[in-house]
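A.B. asks: Those protein sequences? They're chains A and B, same order as listed.
Taken in order, the first sequence gives residues 163 to 386; the numbers are from the numbering used here.
Taken in order, the second sequence gives residues 163 to 386; the numbers are from the numbering used here.
Bear in mind the hints are in silico, worked out from the structure with no lab data behind them.
For glycine and all other residues, C-beta sits at the position ideal for the given N, C-alpha and C.
Some clues are possibly wrong.
What the hints assert, rightly or not - A few chain A residues facing chain B, derived, Cβ under 8 angstroms:
no.: 1; residue: Y193
no.: 2; residue: L374
no.: 3; residue: L377
To be verified - Negatives, chain A to chain B, calculated, CB over 12 angstroms:
no.: 4; residue: I171
no.: 5; residue: R173
no.: 6; residue: Y187
no.: 7; residue: Q200
no.: 8; residue: L203
no.: 9; residue: R216
no.: 10; residue: R232
no.: 11; residue: W239
no.: 12; residue: W281
no.: 13; residue: A301
no.: 14; residue: E321
no.: 15; residue: A323
no.: 16; residue: D343
no.: 17; residue: P360
no.: 18; residue: R365
Claimed, not checked - Negatives, chain B to chain A, calculated, CB over 10 angstroms:
no.: 19; residue: W186
no.: 20; residue: K201
no.: 21; residue: H214
no.: 22; residue: D222
no.: 23; residue: W239
no.: 24; residue: D248
no.: 25; residue: E270
no.: 26; residue: R276
no.: 27; residue: P278
no.: 28; residue: G304
no.: 29; residue: V338
no.: 30; residue: R340
no.: 31; residue: E362
no.: 32; residue: I366
Number of protein chains: 2
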Amino acid sequence: MKRGRRSRIRRDLRQEILAFIARWYRQERTYPTVREIQKGLKISSPSVVDYHLRRLEQEDLITRVGRRSRGIRLRRWPDGLAPEEDLIPIPFLGPIAAGEPIPHPDAEPLGWIRIPRPWLADGNGLFALRVQGDSMIDALVGDGDLIIVKPAPEVEDGEMAVVWLTDRHETTLKRVYREGDRVRLQPAHPTMSPLYVPAEAIRIQGKVIQVLRNLNGLPLPVEP
Amino acid sequence: MKRGRRSRIRRDLRQEILAFIARWYRQERTYPTVREIQKGLKISSPSVVDYHLRRLEQEDLITRVGRRSRGIRLRRWPDGLAPEEDLIPIPFLGPIAAGEPIPHPDAEPLGWIRIPRPWLADGNGLFALRVQGDSMIDALVGDGDLIIVKPAPEVEDGEMAVVWLTDRHETTLKRVYREGDRVRLQPAHPTMSPLYVPAEAIRIQGKVIQVLRNLNGLPLPVEP
DNA sequence: ATATTATCCGAACATTTGTTCCATGTCAAG
DNA sequence: CTTGACATGGAACAAATGTTCGGATAATAT
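With the hints as constraints, model all of the structure from the sequences given.
C.D. replies: If you want it as structure tokens, here you go:
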């Protein structure tokens with residue numbers, strides 16, 4: 163057995179291989195062969211690749227189907243390398259009614275609703291709530307509507323916000339305008355008159371960035 | 163050369179192969195090998211498959227990448243075998259304002275908006291309109307909202323419909339209730355009072371099955 | 001009928017690809 | 001240092017896969 167100079171052990175070769183598979187899939191929409199991985203990562207022998215693939219399989223990160231060519235399948239996507247999804251899952255945190263504060267954003271989601279990516283500038287941190295009752299009707303939000311909320315302690319003047327009124331123990335949706343030491347809460351409905359409250363009597367919970375409503379009976383589906 | 167009994171020529175074998183590739187891809191998310199096609203369609207020799215694959219390539223229905231295994235790629239999906247898309251394109255027909263009738267459903271679309279499949283019972287025949295102005299505000303539909311409409315000459319009692327008022331030359335959204343020879347048009351807003359008109363003074367244009375609203379400035383994107 | 005074209009068939013060849021074997025090297029713990 | 005787990009290297013085998021070739025048959029045009 164010949165032995166040239168050994169290259170040093172690559173401590174994270176396993177992760178490199180995983181990432182390579184993911185990148186390959188993203189570009190080619192198919193999985194690489196053992197030898198394509200070998201060449202792509204300049205590994206000296208297919209047996210090394212095979213060795214790591216077995217390990218990855220033990221760790222449940224990939225599966226291999228039989229002896230078929232290109233039989234590698236990713237079970238989990240390495241961070242940041244998941245293929246671009248068209249639909250972004252937003253956690254659904256439950257109903258929201260006038261008399262109750264909104265659920266904590268980190269609460270265990272009751273389900274997920276998937277929103278087309280182009281509809282959202284950034285899906286991060288968003289959550290969805292189902293509106294109960296007509297209390298937000300002057301924000302043009304009716305019973306059963308689904309709202310997508312971005313948590314935020316403050317909002318720009320004029321933005322539609324989820325507001326918790328500390329003294330009334332009420333949640334509402336209003337456009338918020340700061341006016342000195344008080345705040346004007348303006349309904350979306352043009353003929354409704356605004357509400358003025360002291361600045362310390364409200365807590366901004368977040369911005370409403372989207373309202374979704376289905377009219378034909380069934381509400382927008384939330385997947386478990 | 164031996165010669166057993168020949169099987170009759172399969173006149174549409176080429177199409178069968180194409181369909182087989184599509185089915186295989188739908189299920190496996192990868193492309194079949196020549197011999198997998200051969201076995202799947204009970205073809206006597208891989209050369210027959212190869213022969214048809216060349217033809218399909220000439221017809222620009224598939225591509226083949228080099229000598230790589232599983233190197234077939236579909237260029238067009240045979241009818242009815244396209245993979246299930248998560249997003250259904252709905253034609254966007256333009257703005258709708260109080261004073262104008264809605265565009266004809268068959269009009270040339272100005273763009274497309276893609277709606278998640280689970281949100282729609284059936285995407286067939288639907289179209290999207292952008293609401294202009296506040297004239298439909300008592301249906302909880304505001305300026306800039308996008309509505310998804312299913313064309314229909316009639317609606318069930320209580321359904322939200324796009325209604326053309328023939329004498330006023332106005333388009334509105336209302337819930338429709340038949341009451342003898344007149345019709346009650348009920349706003350979605352609970353405090354607004356209904357409008358009563360003679361049955362012949364309205365034209366039902368369709369049902370509103372969805373309302374979509376983006377609050378953070380940008381309207382829901384319509385792709386050209 | 002004859003000619004022409006399209007299709008099929010079996011076999012074999014040439015690569016590609018998955019897999020195994022065994023020797024050897026690397027590294028950290030004891 | 002010794003040990004053991006982990007990792008690498010080279011080679012070869014076996015199976016799979018893509019491809020070619022010559023000839024046959026079937027369908028269609030002339």
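A.B. asks: Evaluate each hint against the coordinates.
C.D. replies: Checked hints:
no.	hint	result
1	Y193	7 angstroms, holds
2	L374	6 angstroms, holds
3	L377	5 angstroms, holds
4	I171	31 angstroms, holds
5	R173	31 angstroms, holds
6	Y187	10 angstroms, violated
7	Q200	15 angstroms, holds
8	L203	18 angstroms, holds
9	R216	21 angstroms, holds
10	R232	5 angstroms, violated
11	W239	14 angstroms, holds
12	W281	6 angstroms, violated
13	A301	9 angstroms, violated
14	E321	8 angstroms, violated
15	A323	10 angstroms, violated
16	D343	26 angstroms, holds
17	P360	25 angstroms, holds
18	R365	19 angstroms, holds
19	W186	12 angstroms, holds
20	K201	13 angstroms, holds
21	H214	21 angstroms, holds
22	D222	19 angstroms, holds
23	W239	14 angstroms, holds
24	D248	6 angstroms, violated
25	E270	22 angstroms, holds
26	R276	6 angstroms, violated
27	P278	6 angstroms, violated
28	G304	5 angstroms, violated
29	V338	12 angstroms, holds
30	R340	18 angstroms, holds
31	E362	25 angstroms, holds
32	I366	14 angstroms, holds
Consistency note: the structure conflicts with the earlier hints numbered 6, 10, 12, 13, 14, 15, 24, 26, 27, 28.
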